[in-house]
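If you read the protein sequences in the order shown, they are chains A and B.
When you number the first sequence by my numbering, it's gap-free, plus one each residue, and the end is 661.
When you number the second sequence by my numbering, it's gap-free, plus one each residue, and the end is 661.
Keep in mind the hints are simulated off the structure, nothing from the lab.
Honestly, I wouldn't trust all of these hints.
Each pair may be met inside one copy or between any two copies, as identical chains are not told apart.
As the list claims (entries may be wrong) - Below are the DSBU-like pairs computed for lysine-lysine, each with C-alpha atoms no more than 30 angstroms apart in a straight line:
1) Lys592 to Lys405
2) Lys405 to Lys624
3) Lys312 to Lys592
4) Lys592 to Lys417
5) Lys624 to Lys469
6) Lys644 to Lys592
7) Lys624 to Lys407
8) Lys644 to Lys473
9) Lys644 to Lys417
10) Lys312 to Lys624
11) Lys405 to Lys557
12) Lys405 to Lys469
Since the structure is predicted, the reported quantities are computational estimates derived from the model, not experimental observations.
Protein chains: 2
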Amino acid sequence: MTELKNDLFLRALLREPVERTPIWMMRQAGRYLPEYRATRAEAGDFMSLCSNPELACEVTLQPLRRYQFDAAILFSDILTIPDAMGMGLYFSTGEGPKFKRTIDSAADVKNLPIPDVADSLDYVMAAVSKIRTALDGSVPLIGFAGSPWTVATYMIEGGSSKTYSKAKALLYSDPESADLLMEKLAQTTTDYLNAQIRAGAQAIMVFDTWGSVLEPEAYRRFSLASMQQIVDGLIREQDGRRVPVVLFTKGAGTRLRAMVDTGCDGLGVDWTTDLAEARELTGGKVALQGNLDPSLLYASDEAIRDGVIRVLESYGKGPGHVFNLGHGIHPEIDPAKVGVMVDTLREHSPRFHS
Amino acid sequence: MTELKNDLFLRALLREPVERTPIWMMRQAGRYLPEYRATRAEAGDFMSLCSNPELACEVTLQPLRRYQFDAAILFSDILTIPDAMGMGLYFSTGEGPKFKRTIDSAADVKNLPIPDVADSLDYVMAAVSKIRTALDGSVPLIGFAGSPWTVATYMIEGGSSKTYSKAKALLYSDPESADLLMEKLAQTTTDYLNAQIRAGAQAIMVFDTWGSVLEPEAYRRFSLASMQQIVDGLIREQDGRRVPVVLFTKGAGTRLRAMVDTGCDGLGVDWTTDLAEARELTGGKVALQGNLDPSLLYASDEAIRDGVIRVLESYGKGPGHVFNLGHGIHPEIDPAKVGVMVDTLREHSPRFHS
Numbered sequence: 308m309t310e311l312k313n314d315l316f317l318r319a320l321l322r323e324p325v326e327r328t329p330i331w332m333m334r335q336a337g338r339y340l341p342e343y344r345a346t347r348a349e350a351g352d353f354m355s356l357c358s359n360p361e362l363a364c365e366v367t368l369q370p371l372r373r374y375q376f377d378a379a380i381l382f383s384d385i386l387t388i389p390d391a392m393g394m395g396l397y398f399s400t401g402e403g404p405k406f407k408r409t410i411d412s413a414a415d416v417k418n419l420p421i422p423d424v425a426d427s428l429d430y431v432m433a434a435v436s437k438i439r440t441a442l443d444g445s446v447p448l449i450g451f452a453g454s455p456w457t458v459a460t461y462m463i464e465g466g467s468s469k470t471y472s473k474a475k476a477l478l479y480s481d482p483e484s485a486d487l488l489m490e491k492l493a494q495t496t497t498d499y500l501n502a503q504i505r506a507g508a509q510a511i512m513v514f515d516t517w518g519s520v521l522e523p524e525a526y527r528r529f530s531l532a533s534m535q536q537i538v539d540g541l542i543r544e545q546d547g548r549r550v551p552v553v554l555f556t557k558g559a560g561t562r563l564r565a566m567v568d569t570g571c572d573g574l575g576v577d578w579t580t581d582l583a584e585a586r587e588l589t590g591g592k593v594a595l596q597g598n599l600d601p602s603l604l605y606a607s608d609e610a611i612r613d614g615v616i617r618v619l620e621s622y623g624k625g626p627g628h629v630f631n632l633g634h635g636i637h638p639e640i641d642p643a644k645v646g647v648m649v650d651t652l653r654e655h656s657p658r659f660h661s
Numbered sequence: 308m309t310e311l312k313n314d315l316f317l318r319a320l321l322r323e324p325v326e327r328t329p330i331w332m333m334r335q336a337g338r339y340l341p342e343y344r345a346t347r348a349e350a351g352d353f354m355s356l357c358s359n360p361e362l363a364c365e366v367t368l369q370p371l372r373r374y375q376f377d378a379a380i381l382f383s384d385i386l387t388i389p390d391a392m393g394m395g396l397y398f399s400t401g402e403g404p405k406f407k408r409t410i411d412s413a414a415d416v417k418n419l420p421i422p423d424v425a426d427s428l429d430y431v432m433a434a435v436s437k438i439r440t441a442l443d444g445s446v447p448l449i450g451f452a453g454s455p456w457t458v459a460t461y462m463i464e465g466g467s468s469k470t471y472s473k474a475k476a477l478l479y480s481d482p483e484s485a486d487l488l489m490e491k492l493a494q495t496t497t498d499y500l501n502a503q504i505r506a507g508a509q510a511i512m513v514f515d516t517w518g519s520v521l522e523p524e525a526y527r528r529f530s531l532a533s534m535q536q537i538v539d540g541l542i543r544e545q546d547g548r549r550v551p552v553v554l555f556t557k558g559a560g561t562r563l564r565a566m567v568d569t570g571c572d573g574l575g576v577d578w579t580t581d582l583a584e585a586r587e588l589t590g591g592k593v594a595l596q597g598n599l600d601p602s603l604l605y606a607s608d609e610a611i612r613d614g615v616i617r618v619l620e621s622y623g624k625g626p627g628h629v630f631n632l633g634h635g636i637h638p639e640i641d642p643a644k645v646g647v648m649v650d651t652l653r654e655h656s657p658r659f660h661s
């Protein structure tokens with residue numbers, strides 16, 4: 308493998324000294340970019356784009372041509388796993404992801420197969436290795452998956468939800484089936500992420516987008532415990548280098564404290580928790596990634612500059628910070644605004660590392 | 308005025324000893340009740356229901372005929388204030404609240420009138436006094452308003468929002484105009500709530516539904532500061548009795564700590580923060596109201612019973628707890644499930660007060 312020219316991101320996640328704060332952006336390959344929209348139109352629908360390694364590689368690289376990001380992230384979707392389990396994922400325009408089949412009963416959970424992901428999701432691994440080659444060591448490549456609870460909400464609800472009524476009814480009314488579902492998802496996700504690492508992913512993100520809609524006890528049992536299982540099962544070193552793992556529970560707040568104990572290397576923090584507070588909650592034991600409010604990119608250039616500096620100041624001096632938005636970039640954002648954010652970070656972050 | 312027969316709710320908010328934990332439910336007068344749906348159909352649309360004191364009184368009382376709740380809450384909407392400011396509130400089916408006019412510029416903020424709410428919202432005060440008479444001292448009546456920030460999001464976006472892009476752009480790009488808007492809303496809201504108290508409201512709730520979508524600094528400046536202004540301006544005693552004020556920021560988490568300093572009597576807590584943690588964060592200086600996950604009411608009776616007991620245990624022994632959901636009841640909930648919750652609370656809560 309080619310030597311990595313820019314390893315700021317990996318070093319920051321291991322809380323090693325860096326010259327400046329590295330940056331990448333959740334959903335950096337996405338709809339806010341006209342070139343992404345063009346490639347997606349070429350592919351047809353969203354799943355055709357995900358399952359075409361050539362095009363998935365292309366959209367992964369697009370943001371890196373525009374901005375000096377310090378990491379690439381595989382272009383894919385968190386719902387490839389239930390799709391590989393035979394649930395029939397599809398995307399209907401304007402409505403988000405949908406499943407042809409749903410998990411409705413204890414029997415459905417029991418009958419859910421554990422797929423051979425290296426085989427059924429071979430298109431993802433092909434994309435990973437293609438991207439890794441194309442990056443040619445310029446920046447590291449992040450692989451990812453959804454957390455079992457987050458993925459399960461879609462499998463049970465059949466798509467997005469506002470109340471998570473069915474998913475929560477399963478957790479609360481039949482916790483044993485819920486445990487089994489999380490167990491199956493955790494096992495499959497671990498296999499999947501390890502296959503990504505073997506194919507070339509150099510860091511791993513687990514997105515627990517809906518973790519915080521659970522009450523604390525249910526969160527620990529159904530979301531955190533399954534993320535713990537994944538962290539425990541992951542390949543943590545590849546080609547003589549640590550493969551850092553970052554967990555992101557949106558709206559985690561004080562749950563960050565418990566997340567540290569999973570043994571992850573970093574935690575994603577959304578914009579509702581101050582990084583100074585997050586640093587205190589996590590006792591400096593992990594790196595922190597975040598946390599500019601994505602909606603700040605709707606504001607003036609000056610407001611964006613102030614916001615970037617405020618995030619840097621809230622983390623304060625020293626290593627262990629990866630700059631990011633507090634959640635994925637919104638599709639309507641003007642790409643020029645991202646440039647303002649990146650430029651401000653490159654200008655101001657060095658003084659936090661002197 | 309008639310003497311209050313059941314003052315458990317008021318006593319609990321003042322952290323005085325009670326025999327059992329009082330309960331009311333956010334959106335207790337609402338769509339989950341068939342009798343509410345019938346009255347609403349009779350009224351025509353939602354605003355016709357709100358602005359008809361007779362019917363608003365009827366739907367306020369409906370849940371009290373079914374369940375042994377310890378408080379009534381005025382049936383109204385948080386958007387009556389911008390409507391009184393001339394913004395033209397209407398409800399389009401399935402889309403939630405909309406405004407004919409929106410706040411788009413500094414000039415719009417400057418030109419926004421401060422209405423005489425006792426006059427323009429006289430239908431609300433008429434409903435309050437009608438309900439108070441109808442209650443005949445059975446339980447206390449809660450008056451309410453939205454927080455200035457929460458109300459402002461609808462005024463700027465023209466309705467509901469997922470990203471709050473326009474509202475946040477105003478805060479971040481033109482904070483002085485945002486300050487002026489919050490100032491106008493805080494002043495009007497204070498007048499409005501005081502008029503409700505004079506008309507018969509015995510406790511006040513301020514709903515800051517969207518406070519937690521702001522980053523901590525913006526939350527303090529634009530949401531918390533305006534709630535502070537309201538608390539400072541409220542009538543705190545009426546007919547020789549304290550009028551307690553409860554603030555509710557959904558997803559407040561560690562912000563509960565700062566909310567205590569407003570001088571409120573109680574804080575609403577949603578289900579994502581454990582009450583034990585909330586009690587620690589607030590140092591026992593205020594009462595806490597909450598916090599059963601509203602989606603638990605989709606689950607089995609047994610799961611609901613376990614959940615109610617878990618909430619009681621998380622608060623622990625001693626005064627200062629008002630039982631509630633962590634957010635409004637969902638419209639699809641079976642009314643029988645609410646009965647299970649209330650019965651469980653009445654059976655189990657006395658041992659937390661012995």
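Now the hints, each set against the structure:
1. For the homomeric pair Lys592 and Lys405, neither the shortest alpha-carbon distance inside one copy (38 angstroms) nor that between copies (47 angstroms) is at most 30 angstroms.
2. In the homo-oligomer, the alpha carbons of Lys405 and Lys624 never lie at most 30 angstroms apart, since the shortest distance is 44 angstroms inside one protomer and 46 angstroms across protomers.
3. Proximity of Lys312 to Lys592 under the C-alpha cut-off of 30 angstroms is restricted to the intra-copy arrangement: shortest distance 27 angstroms within a copy versus 55 angstroms between copies.
4. For a Cα distance limit of 30 angstroms, the shortest separation of Lys592 from Lys417 qualifies neither inside one copy, at 38 angstroms, nor across copies, at 49 angstroms.
5. Taking the closest pair of Cα atoms, Lys624 and Lys469 never come within 30 angstroms of each other, the shortest separation being 39 angstroms inside a single copy and 34 angstroms across copies.
6. For a Cα distance limit of 30 angstroms, the shortest separation of Lys644 from Lys592 qualifies neither inside one copy, at 33 angstroms, nor across copies, at 44 angstroms.
7. For the homomeric pair Lys624 and Lys407, neither the shortest alpha-carbon distance inside one copy (50 angstroms) nor that between copies (48 angstroms) is at most 30 angstroms.
8. In this assembly of identical chains, the alpha carbons of Lys644 and Lys473 lie at most 30 angstroms apart only when taken from different copies (15 angstroms versus 39 angstroms within one copy).
9. When the C-alpha separation of Lys644 and Lys417 is checked against a cutoff of 30 angstroms, the pair qualifies only between copies, where the shortest distance is 28 angstroms, while the shortest distance within a copy is 48 angstroms.
10. Taking the closest pair of Cα atoms, Lys312 and Lys624 come within 30 angstroms of each other only inside a single copy of the chain (25 angstroms); across copies the shortest separation is 59 angstroms, beyond that limit.
11. For the homomeric pair Lys405 and Lys557, the shortest alpha-carbon distances inside one copy (22 angstroms) and between copies (29 angstroms) are both at most 30 angstroms.
12. In this homomeric assembly, Lys405 and Lys469 come within 30 angstroms of each other (Cα to Cα) both inside a single copy, at 14 angstroms, and across copies, at 20 angstroms.
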